[in-house]
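Sequential numbering of the sequence shown, starting at 247, is according to my numbering.
Source of the hints: derived by calculation from the structure; they are not laboratory data. Only a predicted model underlies this, so the values are computations on that prediction, with no experimental measurement involved. Using N, Cα and C, we set each Cβ at its ideal position, and we do this for glycine too. All the pointers check out, no bait thrown in.
Computed spacing ranges between beta-carbons, pair by pair:
#1 580 to 489: 38 to 46 Å
#2 381 to 441: 32 to 40 Å
#3 532 to 407: 44 to 52 Å
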Amino acid sequence: MSAKPGIFKRIIGQLTGQYPTLSEDAVQTDDTSEAVLQPKTSKPQRSDELVVSGEIHKIKEFAYNKDGRMRHDALNKLAALNDPETLPILYARANDWVPEIRNKAISAIVDLTTKQNAAIFVKYLPNLYHLKKCTRWKHDGLVADIENYLMEQDNVIHLLDGISSKDQKLATACFRLVIDNELAPVEDFVLNGLKHNHQRIRIKCSHLLKDLEDDLRQKALDIAIRDRNVAVRREAFMQSIKSWGSEPLAKEKLFDPHHSIREIATLHLGKSGSDVQYTYLRHLNDEDPKTLRYAIWGIGFLKGKECVQLIKPFLEHENASVRHQAKITLESLSNAPERFLDTVEWNSIDTFY
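Work out the full structure: start from the sequences and follow the hints.
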């Protein structure tokens, strides 16, 4: 029994035709999936035998077999099924290291691009985009062809449905495709996008608020202004200020968890002549540590030097965050030459928000 040829002898054998490209020795790592380990048998089953026995699902295992001929054979059977649910396997084999298998997989994918399969293609859109990260072969052409197919008028509805998916990768992929190619009016998806769990989708939707009609914009702002993400909340707040002034909302946002929104609210109210410092002073007796901390912050931001004696007792407060904010505010007031709002150039304040 002769030993297996070494790697260099094997390469020379493939170049001279001694070893076929689809040989059982062509074992490499697949970028898109892990090989399915098969038990050692003296004579492995062929995929056509499995079809006869009714075990079609076994073909999927052979599509990941280390034997290139078995992968190719299984791929032929999968292509014959004409089932779009096999797309994840076909996408994986589209990145196969054997050109014949790769080309066969791409051909099978293209054959599935019919109207009735569009929803399934959307379902596996993240699998398609994963190919863009694979370096074995350039998949830009395949990705572009599938995108063009999904952007056809009859198929856009499935992309809009995908935006509402709980799968964050799928929702993001659908949203970007719709937005980047202006496939639908903003009002068709922005409300659902603002309710999505994925913050990148909500942030993108928040930048579209300005393009909505007044009634729909108000509904969208009501959702976005309560968002847990500061970027969404800040954009909604600024849009509200630009559209309606929203002084009651601005007073509420003086106590927003994020300092950038509190700053915008302070500037907006200061421009309109409101006594913002008095509002913060009234909350120094608040029992809620968060509200108290924001009130102390506000006095420091406004450089209210006359309030130093009112802030000092909070250095002994039972809540650590309040004590910390009191220390920062006192340090800020000790270096303040004049009140902050007295230094603001109101003619140019609009550029801040």
